[in-house]
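Engineer: Here is how the chains run, residue by residue.
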Amino acid sequence: MAALLAVEGISKSFRGLRAVQDVSFEVPQGEIVALIGPNGAGKTTCFNMIAGVFRPDAGRVTFAGARIDGHRSDQICRAGIGRTFQLVKPFAGLSVMENVMVGALNACAGVREARDRARQVIEQLGLGGKTDLLAASLTLPDRKRLEVARALATGPRLLLLDEVMAGLRPTETDHMVALFRELNATLGLTILLIEHVMRAVMALSGRVIVLHHGQVIASGTPAQVTRDPAVLECYLGEEAV
Amino acid sequence: MSELLLSGVPRRALVLLAALLAALVAFPLLVNDYFITVLILILYFAYVGQAWNIMMGFAGQLSLGHALYVGLGAYAAAALYVHFGISPWIGLGASIVISAAAGAAIGFLAFRFGVAGVYFAILTIAFGEFARIGFDHWHWVGGSAGFFLPVANYTRNDLLYLRGSPTMFYYLFLGITVAAFVLCHALLRSRAGYYWLAIRESPEAAQALGIDIFRYKMYAVTLSAAMTSLGGVLFAFYYNNLFPEQVFHISRSIELILGPIIGGIGTLFGPIIGAFLLTALAESLHEVMAAFGIDVPGIKQVFYGFCLLLVVMFLPDGVWPPLARRLGLGRAPSKRSEG
Chain A
2 MAALLAVEGI SKSFRGLRAV QDVSFEVPQG EIVALIGPNG AGKTTCFNMI AGVFRPDAGR
62 VTFAGARIDG HRSDQICRAG IGRTFQLVKP FAGLSVMENV MVGALNACAG VREARDRARQ
122 VIEQLGLGGK TDLLAASLTL PDRKRLEVAR ALATGPRLLL LDEVMAGLRP TETDHMVALF
182 RELNATLGLT ILLIEHVMRA VMALSGRVIV LHHGQVIASG TPAQVTRDPA VLECYLGEEA
242 V
Chain B
31 MSELLLSGVP RRALVLLAAL LAALVAFPLL VNDYFITVLI LILYFAYVGQ AWNIMMGFAG
91 QLSLGHALYV GLGAYAAAAL YVHFGISPWI GLGASIVISA AAGAAIGFLA FRFGVAGVYF
151 AILTIAFGEF ARIGFDHWHW VGGSAGFFLP VANYTRNDLL YLRGSPTMFY YLFLGITVAA
211 FVLCHALLRS RAGYYWLAIR ESPEAAQALG IDIFRYKMYA VTLSAAMTSL GGVLFAFYYN
271 NLFPEQVFHI SRSIELILGP IIGGIGTLFG PIIGAFLLTA LAESLHEVMA AFGIDVPGIK
331 QVFYGFCLLL VVMFLPDGVW PPLARRLGLG RAPSKRSEG
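Line by line, the protein sequences are chains A and B. Add 1 to a position in the first sequence, counting from 1, and you land on the number used in my numbering. Add 30 to a position in the second sequence, counting from 1, and you land on the number used in my numbering.
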């Protein structure tokens with residue numbers, strides 16, 4: 002099956018620092034793919050190029066058969082890619098409901114419909130009791146959930162998750178993993194996630210792409226990449242191999 | 031439509047609103063002309079404050095140059111009336127178009143080229159000043175010597191040409207203030223309202239959720255400018271004289287935003303309650319001082335500064351949000367938070 006998202010040879014430099022160099026990978030329709038790598042490997046920069054925050058210096062990004070590199074992030078969202086931010090950006094002065102409704106309006110014709118959709122997504126994320134709280138009053142795990150709820154409410158075909166498990170307790174992680182699996186199974190939602198929590202990576206993803214110093218050094222099933230000497234070296238140091 | 035407007039509004043709020051409206055409608059029957067002129071001033075500030083609030087309170091774009099739109103509206107309608115005898119109701123159309131175009135031009139320059147925050151505010155001041163200096167030298171509308179409308183004949187209210195008694199203007203100002211309140215209430219419950227609040231809170235997140243932030247910021251500045259110019263038209267026909275040094279001066283822009291700041295930025299009642307508090311207190315101060323024969327030039331500005339200081343220190347969200355909670359009306363629909 003053709004890939005839903007195809008990244009071909011994208012690069013990005015920041016004042017001479019080459020954050021991402023010639024990275025290519027594909028995310029097939031209906032799959033869950035993880036992007037892992039040490040801090041500073043260029044994972045979030047890759048995300049930002051896919052989501053329209055940065056224009057790649059070189060290379061192309063294709064989503065559902067159409068070029069999207071260089072498009073604005075709102076156009077990319079409307080094209081069907083929802084994203085979360087690693088450093089959460091809740092609408093602090095708005096309630097949980099209002100936060101999620103803003104996302105839902107992307108998928109709905111009217112405010113009333115958006116409210117219903119938002120309520121449903123809020124329930125799915127386990128924020129049901131907190132609908133009317135201001136986002137500013139939420140704890141960090143709840144803010145991560147809100148981040149996911151908002152992105153999910155936009156009705157994406159591809160969901161980009163940037164470290165949404167970080168800071169969650171293991172049981173909360175398991176709950177989140179179960180939710181993504183369910184969305185993947187029932188809606189056919191395709192997911193690309195950046196994650197440090199290996200428990201979640203192992204449980205969720207069919208394929209893992211490993212970035213190091215802005216380049217892809219390995220890719221394959223979780224079992225394959227964790228046995229790859231290059232991966233072990235970048236994570237644990239040369240002596241460990 | 032009415033269902034959409036009223037759903038979710040606490041019953042208690044509706045009762046209070048109805049009582050307030052009834053009181054405002056009945057006022058001119060109970061008080062003398064002096065009080066009517068003070069009330070007109072309050073309603074004027076409430077109205078333009080509400081219009082400014084769409085930009086700052088909803089969409090988070092600080093304009094310190096709203097006197098520009100008041101002035102453009104005032105001069106456009108007044109010039110058409112004085113030079114061509116055109117009814118202000120038609121002139122109003124021209125005022126709105128000109129002000130909306132000016133707002134859109136400033137918005138386009140700023141939002142297209144990423145001028146934001148303080149720099150945006152400075153840009154709005156600059157355009158206000160351009161207009162002040164330009165009108166000072168534009169003799170067709172009187173230049174710096176001022177532009178005068180033929181003074182009204184108070185024996186008869188001519189609604190078509192807006193010549194009439196303060197009571198007529200009181201009801202006109204009341205009408206537009208109520209209309210602006212209802213419009214803002216409806217806007218806050220619309221797609222545009224949610225999008226504006228999202229842009230105010232976090233432009234990056236708003237854009238990532240599919241919002242064309244340029245377009246929605248343009249909507250806010252254009253609508254706010256158009257609404258403000260309507261206030262300018264009534265202002266011109268009520269006061270009958272326009273001086274660029276007064277109309278376009280930055281102190282007018284500041285005066286206009288004090289109401290919403292003191293009342294509560296981003297709230298529907300903030301501009302109204304702020305305008306009432308400031309104007310009523312300033313007038314009372316003036317009266318008390320006059321009674322004691324004290325005349326201190328600039329005392330009003332000092333007083334405004336003092337009020338602003340108190341609000342910033344003790345009620346950073348403005349007077350209305352805590353008052354609303356006290357009245358059992360819950361949090362205002364778009365309460366700002368510190369976070």
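Quick caveat, the hints were computed from the structure, so don't treat them as lab data. Hints should not be assumed to be uniformly reliable.
[What the hints assert, rightly or not] Okay, the calculated bits of chain B under chain A, using three or more residues with CB under 8 Å as the criterion: (1) 190 to 197; (2) 214 to 225.
[Stated by the list, open to error] With a cut-off of at most 25 Å between alpha-carbon atoms, the simulated SDA-like pairs for lysine to any residue come out as follows: (3) 131(A) / 41(B); (4) 131(A) / 40(B); (5) 131(A) / 141(A); (6) 90(A) / 41(B).
Cβ atoms here follow ideal geometry from the backbone N, Cα and C, with glycine treated the same way.
Engineer: Where does the structure disagree with the numbered hints, that is, which hint numbers, in rising order?
Structural biologist: Per hint list: 1, 6 violated.
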